[in-house]
Amino acid sequence: DVKVTQSSRYLVKRTGEKVFLECVQDMDHENMFWYRQDPGLGLRLIYFSYDVKMKEKGDIPEGYSVSREKKERFSLILESASTNQTSMYLCASRPPGGDTQYFGPGTRLTVL
Amino acid sequence: GNSVTQMEGPVTLSEEAFLTINCTYTATGYPSLFWYVQYPGEGLQLLLKATKADDKGSNKGFEATYRKETTSFHLEKGSVQVSDSAVYFCALVGYNFNKFYFGSGTKLNVKP
Chain U
1 DVKVTQSSRY LVKRTGEKVF LECVQDMDHE NMFWYRQDPG LGLRLIYFSY
51 DVKMKEKGDI PEGYSVSREK KERFSLILES ASTNQTSMYL CASRPPGGDT
101 QYFGPGTRLT VL
Chain V
1 GNSVTQMEGP VTLSEEAFLT INCTYTATGY PSLFWYVQYP GEGLQLLLKA
51 TKADDKGSNK GFEATYRKET TSFHLEKGSV QVSDSAVYFC ALVGYNFNKF
101 YFGSGTKLNV KP
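Each protein sequence line maps, in turn, to chains U and V.
Everything in the first sequence is counted per the numbering used here, starting at 1 for the first residue and increasing by one.
Everything in the second sequence is counted per the numbering used here, starting at 1 for the first residue and increasing by one.
Just so you know, not all the hints are guaranteed correct.
To be verified - With a Cα cut of at most 25 Å, we get these calculated SDA-like pairs of lysine to any residue:
#1 Lys99(V) with Ile60(U)
#2 Lys99(V) with Val52(U)
#3 Lys99(V) with Leu41(U)
#4 Lys68(V) with Asp99(U)
#5 Lys53(U) with Lys111(V)
#6 Lys107(V) with Gly97(U)
#7 Lys52(V) with Ile60(U)
#8 Lys3(U) with Glu42(V)
#9 Lys99(V) with Arg108(U)
#10 Lys99(V) with Pro96(U)
#11 Lys3(U) with Leu48(V)
#12 Lys77(V) with Tyr10(U)
#13 Lys52(V) with Tyr10(U)
#14 Lys57(U) with Ala27(V)
#15 Lys107(V) with Arg44(U)
#16 Lys107(V) with Lys18(U)
#17 Lys107(V) with Thr100(U)
#18 Lys99(V) with Thr15(U)
#19 Lys107(V) with Asn84(U)
#20 Lys77(V) with Ile60(U)
#21 Lys56(V) with Gly97(U)
#22 Lys111(V) with Thr26(V)
#23 Lys52(V) with Gly97(U)
#24 Lys99(V) with Glu30(U)
#25 Lys68(V) with Gly42(U)
#26 Lys55(U) with Ser3(V)
#27 Lys3(U) with Ala27(V)
#28 Lys107(V) with Arg73(U)
#29 Lys55(U) with Tyr95(V)
#30 Lys57(U) with Ser104(V)
#31 Lys99(V) with Pro39(U)
Stated by the list, open to error - With the C-beta cut set under 7 Å, the calculated list includes, among others, these residues of chain V facing chain U:
#32 Ser32
#33 Gly43
#34 Leu47
#35 Phe102
#36 Gly103
#37 Gly105
Treat the hints as calculated values from the structure; they're not laboratory data.
A quick note: this is a predicted structure, and the numbers were derived from the prediction, not measured.
Every residue gets a Cβ at the ideal spot worked out from N, C-alpha and C, and that includes glycine.
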């Protein structure tokens, strides 16, 4: 079974803090993704990575950056957290040549 | 461009009722189509998928048929259970498999 884990299920941060969300997959997948999920808006793609040190912007990259130093780990960084970044963050990975994304359990981030 | 539209919820049904959640899509080319399910407090899990016209995906009693002529992928189940209460997302992915397009989600409540 594919396993995608995220470092925290719940996180509370203050405005202006630097926030790191970590995602690890154990299936040697090349492609990894970060989404945010908000009520009524579904899932929106923030960034994705198709290889180590490679990244591409998704639909809503503003205010976020990412890091992919190792194949199994994809980090989402909020350089200076703001209240409008309060959301559920979902990480996903996809095997090479496959069309299915596999999701982690999500991190619910609250920025006060 | 690509997009997915699914019926708004919440949908409330009694146990053993018949379920339909409508999903229509707009896409260039020949996308793969998916239904994901999100149980309370969890990430998204793949429920079923179909990769070409007239394919039927099925899992756990749920079914959906890829209808190219009506650009639809409606989710059905003959007899729902309380344990089916969750949010259901319809999604498509284009030829390069990188960009998933999700619907806004439909919440299903099943009452005993």
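Hint by hint, here is what the structure shows:
no. : hint                     : result
1   : Lys99(V) with Ile60(U)   : holds, 13 Å
2   : Lys99(V) with Val52(U)   : holds, 18 Å
3   : Lys99(V) with Leu41(U)   : holds, 16 Å
4   : Lys68(V) with Asp99(U)   : holds, 19 Å
5   : Lys53(U) with Lys111(V)  : violated, 48 Å
6   : Lys107(V) with Gly97(U)  : violated, 31 Å
7   : Lys52(V) with Ile60(U)   : violated, 30 Å
8   : Lys3(U) with Glu42(V)    : holds, 13 Å
9   : Lys99(V) with Arg108(U)  : holds, 23 Å
10  : Lys99(V) with Pro96(U)   : holds, 14 Å
11  : Lys3(U) with Leu48(V)    : holds, 18 Å
12  : Lys77(V) with Tyr10(U)   : violated, 33 Å
13  : Lys52(V) with Tyr10(U)   : violated, 39 Å
14  : Lys57(U) with Ala27(V)   : holds, 21 Å
15  : Lys107(V) with Arg44(U)  : holds, 18 Å
16  : Lys107(V) with Lys18(U)  : violated, 33 Å
17  : Lys107(V) with Thr100(U) : holds, 22 Å
18  : Lys99(V) with Thr15(U)   : violated, 31 Å
19  : Lys107(V) with Asn84(U)  : holds, 24 Å
20  : Lys77(V) with Ile60(U)   : violated, 35 Å
21  : Lys56(V) with Gly97(U)   : holds, 21 Å
22  : Lys111(V) with Thr26(V)  : violated, 33 Å
23  : Lys52(V) with Gly97(U)   : holds, 16 Å
24  : Lys99(V) with Glu30(U)   : holds, 14 Å
25  : Lys68(V) with Gly42(U)   : holds, 24 Å
26  : Lys55(U) with Ser3(V)    : holds, 23 Å
27  : Lys3(U) with Ala27(V)    : violated, 30 Å
28  : Lys107(V) with Arg73(U)  : violated, 31 Å
29  : Lys55(U) with Tyr95(V)   : holds, 19 Å
30  : Lys57(U) with Ser104(V)  : holds, 21 Å
31  : Lys99(V) with Pro39(U)   : holds, 21 Å
32  : Ser32                    : holds, 5 Å
33  : Gly43                    : holds, 4 Å
34  : Leu47                    : violated, 11 Å
35  : Phe102                   : holds, 4 Å
36  : Gly103                   : holds, 6 Å
37  : Gly105                   : holds, 6 Å
When held up to the earlier numbered hints, the structure conflicts with 5, 6, 7, 12, 13, 16, 18, 20, 22, 27, 28, 34 and fits the remainder.
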